[in-house]
Amino acid sequence: MQEIIWGLFESFGALSWKHLVMWFLGFGLIYLAVKKNYEPLLLVPIGFGAVLANIPLSGAIGEDGPLTLLLQVGVLTELFPILIFVGIGAMCDFSPLLRNPSVMLMGAAAQVGIFITIIVATLLQFPIAQAAAIGILGTADGPTTIYVASLYAPELLAPLALAAYSYMALTPVIMPPIIRMLTTPEERKIRMGNQNDQEVSRTARLLFPLCVVIIAGLIAPVAVPLVGFLMLGNFLRECGVTDRLSQSAQNELINIVTLLLGLTIGGTMAAEHFLNWISLGVMSLGLLAMIFATAGGIIIAKLLNAFRSEKINPMIGAAGISAFPMAGRVVAKMATSEDKRNYLLMHAMAVNISGQMCSIVAGVVVIAIISALL
Amino acid sequence: MSDAFEKALMIAAIGLPVMLGIIGLFILLAKALVALFPHQTPRPALTIVSTEHHQKSENVKGYTKVPSSG
Numbered sequence: 320m321q322e323i324i325w326g327l328f329e330s331f332g333a334l335s336w337k338h339l340v341m342w343f344l345g346f347g348l349i350y351l352a353v354k355k356n357y358e359p360l361l362l363v364p365i366g367f368g369a370v371l372a373n374i375p376l377s378g379a380i381g382e383d384g385p386l387t388l389l390l391q392v393g394v395l396t397e398l399f400p401i402l403i404f405v406g407i408g409a410m411c412d413f414s415p416l417l418r419n420p421s422v423m424l425m426g427a428a429a430q431v432g433i434f435i436t437i438i439v440a441t442l443l444q445f446p447i448a449q450a451a452a453i454g455i456l457g458t459a460d461g462p463t464t465i466y467v468a469s470l471y472a473p474e475l476l477a478p479l480a481l482a483a484y485s486y487m488a489l490t491p492v493i494m495p496p497i498i499r500m501l502t503t504p505e506e507r508k509i510r511m512g513n514q515n516d517q518e519v520s521r522t523a524r525l526l527f528p529l530c531v532v533i534i535a536g537l538i539a540p541v542a543v544p545l546v547g548f549l550m551l552g553n554f555l556r557e558c559g560v561t562d563r564l565s566q567s568a569q570n571e572l573i574n575i576v577t578l579l580l581g582l583t584i585g586g587t588m589a590a591e592h593f594l595n596w597i598s599l600g601v602m603s604l605g606l607l608a609m610i611f612a613t614a615g616g617i618i619i620a621k622l623l624n625a626f627r628s629e630k631i632n633p634m635i636g637a638a639g640i641s642a643f644p645m646a647g648r649v650v651a652k653m654a655t656s657e658d659k660r661n662y663l664l665m666h667a668m669a670v671n672i673s674g675q676m677c678s679i680v681a682g683v684v685v686i687a688i689i690s691a692l693l
Numbered sequence: 005m006s007d008a009f010e011k012a013l014m015i016a017a018i019g020l021p022v023m024l025g026i027i028g029l030f031i032l033l034a035k036a037l038v039a040l041f042p043h044q045t046p047r048p049a050l051t052i053v054s055t056e057h058h059q060k061s062e063n064v065k066g067y068t069k070v071p072s073s074g
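In order, the protein sequence lines correspond to chains S and F. Once you know that position 323 of the first sequence is 642 in the working numbering, the rest is easy, because the numbers rise by one and skip nothing. Once you know that position 17 of the second sequence is 21 in the working numbering, the rest is easy, because the numbers rise by one and skip nothing.
Check before you lean on any hint, since a few could be wrong.
[As the list claims (entries may be wrong)] The following label-pair restraints were derived from C-beta to C-beta distances:
#  : chain 1 : residue 1 : chain 2 : residue 2 : range
1  : F       : LYS35     : S       : ARG510    : 20 to 28 angstroms
2  : S       : PRO544    : F       : LEU29     : 16 to 24 angstroms
3  : F       : PRO42     : S       : SER656    : 32 to 40 angstroms
4  : S       : PRO644    : F       : LYS35     : 43 to 51 angstroms
5  : S       : LEU692    : F       : LEU32     : 26 to 34 angstroms
6  : S       : ASN574    : F       : LYS35     : 32 to 40 angstroms
7  : S       : SER690    : F       : PHE41     : 33 to 41 angstroms
8  : S       : GLU382    : F       : LYS35     : 52 to 60 angstroms
9  : S       : SER335    : F       : LEU32     : 53 to 61 angstroms
10 : S       : ASP383    : F       : GLU10     : 37 to 45 angstroms
11 : F       : GLU10     : S       : SER603    : 17 to 25 angstroms
12 : F       : PHE41     : S       : LEU395    : 37 to 45 angstroms
13 : F       : LEU29     : S       : SER690    : 19 to 27 angstroms
Please keep in mind that the hints were generated in silico from the structure rather than gathered at the bench. Even for Gly, the Cβ is constructed at its ideal location relative to N, Cα and C.
With these hints in hand, go ahead and build the complete structure from the sequences.
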């Protein structure tokens, strides 16, 4: 009798301070999502998953737990991030990028944070595979981070995913001080003319994703899933005959996979694996990567201004990080706070979309080089 | 210098120019596609034109659809 009653309360006995810390973290993520509206679609499932995984003796994790099953089937096979790319591709309109392709330079510059962070991570004694996965945090692109992590550092999946999504959510907090530090008030007030809103032909919009797949695929065949599925989604959107598939990719598919991915990532945040100095190091390096990425975009925008008669507002360079569409919105909001009539949203969004594209190219390049090195 | 650090430098030394090269290719691709396939405002195939004055002379009821002159 006593044993049965004791068995009912077994989990209380197994409760430790580490579990309480993880509950606090999980509830913190849920609070940020619900109260502050920071990336709620991701942070709610991640936070909830973290709580589920940190109830002592939880049946959600462990050998036969549903979260473990999802991890094995959806994340370690790279399936979930790739399916999310179909949805992202279907949501991306590359017309602004085709209209003004030079914005891709700012997207490219924002990826410099990846390479700096990889170097810094190796200085902190991370092995090269883990350093590469950490460096990808500089893309500020959750699915790319998870994709690379599941390839080269599955043991760091939880802190990497948490860093990627929480820093994306905290874009409105992280970016403005960096922008203010690197630009003068006069630069922030630069007005940009109306974006050339000439339509891009349907043929160009159709051929672009196909050509990108072929070029990127030939350069880095190992990363074909990454680019291929993104461009598949975009082709579904643009071809005009698969509206139902495009709508499904943009809504049902991405919503379901985001829910499962978030829960799974939360499920990997079990206290015994998560609460250590390595996770803290990963989170710190992630922040560093994001700072370098934001700075890279701004600096190249200022550099471009040296060669242009029609100046661009260097703040839009900061939108070159991939946190789409949050980064673009933050820049546009900052512009109107400096000058109420300075509307930069369209320009910032064009750079932001190019950042999405460039982050995937950067991921492709890092995967290709690491595959050759290992 | 550790082996990992050397590899990290190699990734940066190779990766940055390769990434910029690919993006440069995409910029050229975008420019080429837009130049080769410019957007053409579709001409309305049919325009509804009031033919009231014809109705009187030709006793045609309603409206006649005529091809647009562009």
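Given a hinted range of 16 to 24 angstroms, is it respected by the beta-carbon distance of PRO544(S) and LEU29(F)?
holds (20 angstroms)
Regarding GLU10(F) and SER603(S), is the given constraint of 17 to 25 angstroms on their beta-carbon distance met?
holds (23 angstroms)
Evaluate the given range 43 to 51 angstroms for the C-beta pair formed by PRO644(S) and LYS35(F).
violated (25 angstroms)
Do ASP383(S) and GLU10(F) keep their Cβ atoms within the hinted range of 37 to 45 angstroms?
holds (43 angstroms)
Does 52 to 60 angstroms hold as the CB distance between GLU382(S) and LYS35(F), or does it fail?
Since the Cβ atoms of GLU382(S) and LYS35(F) sit about 55 angstroms apart, the hinted range of 52 to 60 angstroms holds.
Distance restraint evaluation - PRO42(F), SER656(S), Cβ atoms, bounds 32 to 40 angstroms:
holds (38 angstroms)
Confirm or reject the claim that SER690(S) and PHE41(F) have a C-beta distance inside 33 to 41 angstroms.
holds (35 angstroms)
Against the range 26 to 34 angstroms, how does the distance between the Cβ atoms of LEU692(S) and LEU32(F) compare: consistent or not?
With Cβ atoms ~29 angstroms apart, the hint holds.
Take the C-beta atom of PHE41(F) and the C-beta atom of LEU395(S), compute their distance, and say whether it sits inside 37 to 45 angstroms.
At 42 angstroms between Cβs, range holds.
Hint says 20 to 28 angstroms; check whether the CB-CB distance for LYS35(F) and ARG510(S) agrees.
Taking Cβ atoms as reference, LYS35(F) and ARG510(S) lie about 26 angstroms apart, which means the hint holds.
Given the hint of 32 to 40 angstroms, is the C-beta distance from ASN574(S) to LYS35(F) inside that range or not?
holds (36 angstroms)
Hint says 19 to 27 angstroms; check whether the CB-CB distance for LEU29(F) and SER690(S) agrees.
holds (21 angstroms)
The structure fails to meet hint 4 from the earlier list, while all remaining hints are met.
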